[in-house]
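Could you put together the complete structure from these sequences and hints?
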Amino acid sequence: MMETERLIRTLALDAPRAAPMGRAWAVALAAALAGAAIVFFSVVGPRPDIAAAAETWRFLYKFVVTIALLAASLWALAALARPGGMSPARLAALLVAPCLLAASVLIEVAALPSDQLGPRLLGNNALLCLTFIPLIGVGPAAAFLLALRHGAPTSPALAGAVAGLAAGGLAATFYAAHCTDDSPLFVATWYPMAIAILAAAGAAAGRLVIRW
Amino acid sequence: MEGKGETDLAGLLNAALRGDEHAYAEFLRRAAGLVRRFAQRRITHGGIDPEDVVQETLLAVHLKRHTWRTDAPVGPWLFAIARFKLIDAFRKAGRSIEIVMEDGFDAPAPEPEESASEREIGRALASLPPREREVVSAISVDGLEIGDAARALNMTEVAVRVALHRGLARIARNFGQG
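Protein chains in written order, with my numbering: chain C, 531 to 742; chain W, 2 to 179.
Do not take every clue at face value.
As the list claims (entries may be wrong) - Now the in silico label distances, taken between C-beta atoms and shown as ranges:
no.	chain 1	residue 1	chain 2	residue 2	range
1	C	642	W	7	39 to 47 Å
2	C	586	W	95	55 to 63 Å
3	W	47	C	723	17 to 25 Å
4	W	23	C	567	42 to 50 Å
5	W	95	C	676	26 to 34 Å
Stated by the list, open to error - Covered stretches of chain W, going by a simulated chain C footprint (3 or more residues, C-beta under 8 Å):
no.	region
6	9-22
7	40-46
8	55-64
9	81-87
10	126-134
11	156-168
To be verified - Sample of chain C residues facing chain W (criterion: CB under 8 Å; computed from the structure):
no.	residue
12	545
13	546
14	547
15	548
16	612
17	613
18	617
19	657
20	658
21	681
22	682
23	684
24	734
Keep in mind the hints are simulated off the structure, nothing from the lab.
Virtual Cβ for every residue (Gly too), placed ideally from N, Cα, C.
Now the structure itself:
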């Protein structure tokens, strides 16, 4: 038999308390960065002409988009780990990166002659992009899911998907330093596909492993 | 009223997080009352005992109390957990009712009040490894203090505390699997 009053007394006697969420996220972020860096530098590495590329807006703008995605997903993720913590502002922030990307596509379409659009969109690295972003992101996604498990997400699938988005943002930031296809047309076509793979895997994993 | 209750609740939980056992018990008692009303209002048919939802919510509140932001109100956090546990209970009940209907029986009548021995958490005790089960049941069922439980089971107090914490966490995890 266990009456509620007995349960309360028992819980009050059970002192140990888990580490605060802030620390869990700090550990997860450090592990995610380390994991992504190890895969990136051991498998692909930065492009050889990175110094010259860093003087073009198209190259730099890739990081604006991927870092915006990373920041917004981490901000949403922290709230999704706490019951009742999610706010409309944090959900809306997830739209910043797609909007930035859409704006750059419009500029690119206006700037390029029309016979250039197709080749720029297809680029030379589409398959590489679809392979390496998920590969670099798989470790970070696992780290973020572990931190979520430490928390208490009331929407496990959504939280897992956003963990995948954050991992995708981080992986895309690394991958962008390798890829020579800088056109917003390429970025807007292939990066979201690669990141969606991580988000879908994150949602599925979230449903499976986030139980509390 | 609402605002004052909220301030009291946050104050109690903050004191509890600083190690005040009595404040914590008082916090859990008030939280139980709030969740009980919340669950009773939403459970309109048999098959789910609101008190099971109360107990599973308290256990989750306990194990996940580090997810409360100390500067945030307690209410939204507490009710988000209660809603999560209530949905879980509906999901499990729906599943078992489906099975019952396939077999051609009526849905079982709600358990009478005095069958508190059949509470979900009480049942979950049986699934624990022996040492954890002995410790959790000595404290929660027999009502022993940590020290008395340690003497009765011939364990150190530290070992009792560890087994108690692991046992409670395992019960919560087993619920989550269901």
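Results of checking the hints against the structure:
no.: 1; hint: 642(C) / 7(W): 39 to 47 Å; result: violated, 58 Å
no.: 2; hint: 586(C) / 95(W): 55 to 63 Å; result: holds, 57 Å
no.: 3; hint: 47(W) / 723(C): 17 to 25 Å; result: violated, 49 Å
no.: 4; hint: 23(W) / 567(C): 42 to 50 Å; result: holds, 49 Å
no.: 5; hint: 95(W) / 676(C): 26 to 34 Å; result: holds, 30 Å
no.: 6; hint: 9-22; result: holds (count 3)
no.: 7; hint: 40-46; result: violated (count 0)
no.: 8; hint: 55-64; result: holds (count 7)
no.: 9; hint: 81-87; result: holds (count 4)
no.: 10; hint: 126-134; result: violated (count 1)
no.: 11; hint: 156-168; result: holds (count 3)
no.: 12; hint: 545; result: holds, 7 Å
no.: 13; hint: 546; result: holds, 5 Å
no.: 14; hint: 547; result: holds, 6 Å
no.: 15; hint: 548; result: holds, 5 Å
no.: 16; hint: 612; result: holds, 5 Å
no.: 17; hint: 613; result: holds, 3 Å
no.: 18; hint: 617; result: violated, 11 Å
no.: 19; hint: 657; result: violated, 39 Å
no.: 20; hint: 658; result: violated, 39 Å
no.: 21; hint: 681; result: holds, 5 Å
no.: 22; hint: 682; result: holds, 4 Å
no.: 23; hint: 684; result: holds, 4 Å
no.: 24; hint: 734; result: violated, 17 Å
Of the numbered hints stated above, those contradicted by the structure are hints 1, 3, 7, 10, 18, 19, 20, 24, listed in ascending order.
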